[in-house]
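**Student:** So you can see what is in the structure, the chains are spelled out below.
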Amino acid sequence: MTKITAGPPATAPVRRRGIESARARQAVWLLLPTLIAIAIVAGFPLYRTIYYSLFDANLTSPDQAKFVGLHNFWFTTEDGIGIGFLQDPKWWGAVKNTLLFTVVSVALETVLGMIIALVVNSAFKGRAFMRTAMLVPWAIPTVVSAQMWAYMYNDSFGLIGRGVLGGQALLADNSTAIWALIAVDVWKTTSFMALLILAGLQSLPSDMYEAADMDGASKWTQYWRLTLPLLRPALLVALVFRSLDALRVFDVMYVMLGPNNAAQTSMTGYARLALIDNSLLGVGSAVAVAIFLIIMVIVVAYVTAFRVRFD
Amino acid sequence: MNAKKNPGMYYLQRTLFYLLVVVIAFYLLFPFFWALLTSFKRAGDLFLLPLQFITAPFTLSNYAQVLANPAFQRALLFSLIVAVGAVAVSLLIGSFAAYSLGRFRFRGKATILYIILGVSVFPQIAVLGGLFTVIRAGGVYNNPIGLIFSYLIFTIPFTVWVLTSFVRDIPGELEEAALMDGATPLQTLFRVLFPVMTPALVTTGLLAFINCWNEYLFALTFMSSNRTVPVVIANYSGASQYDQPWGPIMAASIVVTVPLIALVLYFQRNIVSGLTAGAVKG
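The listed protein sequences correspond, in order, to chains A and B. Okay, so the first sequence: first residue is 1 according to the UniProt record's numbering, each after it adds one. Okay, so the second sequence: first residue is 1 according to the UniProt record's numbering, each after it adds one.
Chain B with its partners taken away, still in its complex shape:
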């Protein structure tokens, strides 16, 4: 329409629009690109001016150094254990709750839903001291079990809310047939609803996994030597505060981030639907 009326104006608008697109893409991607570039540069080259820096030779030494670092290896392992553990527990008991809240009628259901939503707006700091004493008393300080347990405070409300809305969307006939055949609620849940809910479980699990993988405050407080990756990356230090080994820090950051980005890009569609369900409903 515009093109016919006034071609000059149209092309000007298109050009400005693409310029905006380029600016946005640059803004979103450049810091990550710069970190990626730095992770492949030698320590001595970090002093170079930007143009010389870009053309300076590539090296894998930062990655070799980081991956050979036993503290970093342990952190990767602990992060994996903690995130997988917290996601598994919250998907399991969260799906019980979601099934109950999405399908059954009983008194006080609305109250329970609001309590669960209320927990997700809790500032973590409000429970930090109390949780610390609970974890100490339970003998799980510096133990992945303690951290898995503490992560339930944000993974459970999230999984329950998102899964409840998914359960509501599943047609009731499926489940009624199972009930007619005399299946117990647990059998119905595992045999009938779980297969239908697989995409929802994957999405919810992935988002919860990302949250656990990134969590810093609890990881910093409830683990002393068994650190997770965010804590190790935050504390990756050289001889002094003024001697930060930026190359290895950026390499470690890339190692920790690339799998997440790969997962997110692969599950792009699910992520967007899960995020909106999670953000709008809990």
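For reference, chain A alone in the conformation it holds in the complex:
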């Protein structure tokens, strides 16, 4: 992307500056609808979420909110009962499961996506078909893929649940459910990773590989010494976006496990249960603020650690 420069150079002639300032005014008018839309759908609701996180509020009557400070986050009653969500082991379970889900599924997607991209990037009969096949899981709505897999995992009908595992209900057991969900996510989004890696592979100069062939470097050496380092920027951007998506996962858990179990498996599921199903606007907002902060910290960590550039 080209460099962004702000304002005309200081030495511009007066007439030129007149045109520039007229253009700048026009630019503002053209941007206004987008800025207003973003303020209404993102800015204001985010402010409201932060606001309500400090209140004891109910979703059905938000006007009767009572200020409680940080009690939604951490509060112990006189009887010694912890009410704040940070004192709820279910929340920490959700955090643990979401992190496990994110790390494992993004790692598997990266490895599988890399293998698929390398295969599809080489010349063979049926490559066009494979490129088409790659798009299929990506094009399927998440809810549909969740139902497809719920059916395959089913202990009395499912190919996997009944056929492979002999009637074991994978989703009913918390310890196996998370792995079953990871498998669904990996299936659904490996294509996306593979597409991004493939696009990166195709932008690599081919003469470099010819030179490496001349020098007698093996394919293996070429991969580790040329492909991987050059692919790094594309790979990092893909990793950041997949990780952020995985951290805010909701659909798969909610559809396959139902609201209550989803609350122990995903942070978003926990927040939604409090916020909407239980109508606890205050607590739900506090959880949402925590998720927002966690994700922002991870974004900043990624961007600074790997010096990811978006422009």
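Careful: at least some of the hints might be erroneous.
Claimed, not checked - One side only, chain B facing chain A, incomplete, derived with CB under 7 Å:
id	residue
1	Ala-25
2	Ala-35
3	Ser-120
4	Val-121
The set of hints was computed from the structure by calculation and includes no laboratory data. Given the structure is predicted, the values throughout are model-derived calculations rather than measurements. Quick reminder that beta carbons are idealized off the backbone N, C-alpha and C, glycines included.
Using the hints, position chain B against chain A.
**Tutor:** Here is chain B on its own, set in the frame of chain A:
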């Protein structure tokens, strides 16, 4: 090269490679194929063992049942209204913004670009409660307008980023000629840039459409009876939790997915370029 040096090794490698290709194709396509197969089977046949299941007679009854279901028909309609509405609004105002960000110079442009990018990494849950109260206060709860409006949170950043990079690639002469003739920025945008940007608009619109069509969290929260297809498919239930009507669920899933797959395959090239532009730049 390899073939001459060591033919045996070469053929072994080729065979292993094709084996890998077959495994990958199977992995990517089999779950969908199995859903497709199930959608054509009678409820009683779902108990059969896999081999008997495959050869069991075909039936269209699941599709007949699903397509005749008024809740599903309404969901298709609402999904279409919401997705088309959100895409239309975001393409329109997104292209204004993209034109401004891609062509004009002004103070604070970089900041605005980063704010827009920042919104696209927002977890949706962070605005759910606030947006719920906004939508309620605006009287558009359970109304497609409310959902269209809420979808702008992810469609606008996406369209603005992708279109901005497209606008930058359009040669400036086109637009300068229009300016010389005294055209206003809006005239320039509609008469000169839109025709050139049509492929970009189609690609961006299609990707945004897919995102809206698939969206679940907002659809589940901001609509009560006017449900969209993902919500209906997720809740398609039988008499009890243990009595899932898998045949009709799979048929509904296929009905909802096949148009998307058709679109994606038709616009394959555009999709890949749009996805990379979208993912790399926003």
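**Student:** Can we keep the Val-121(B) interface hint, with Cβ of chain A closer than 7 Å?
**Tutor:** holds (6 Å)
**Student:** Closer than 7 Å between Cβ atoms is the bar; does Ala-25(B) clear it against chain A? Give me holds or violated.
**Tutor:** At about 5 Å, which falls below the 7 Å cut-off, the nearest Cβ of chain A leaves the hint on Ala-25(B) intact, so it holds.
**Student:** Close enough to count: is the Cβ of Ser-120(B) nearer than 7 Å to one in chain A?
**Tutor:** violated (9 Å)
**Student:** Measuring from the C-beta of Ala-35(B) to each C-beta in chain A, is the shortest one below 7 Å?
**Tutor:** OK, holds: Ala-35(B) within 7 Å of chain A, min 5 Å.
Hint check: a violation occurs at hint 3 only; the rest are consistent with the structure.
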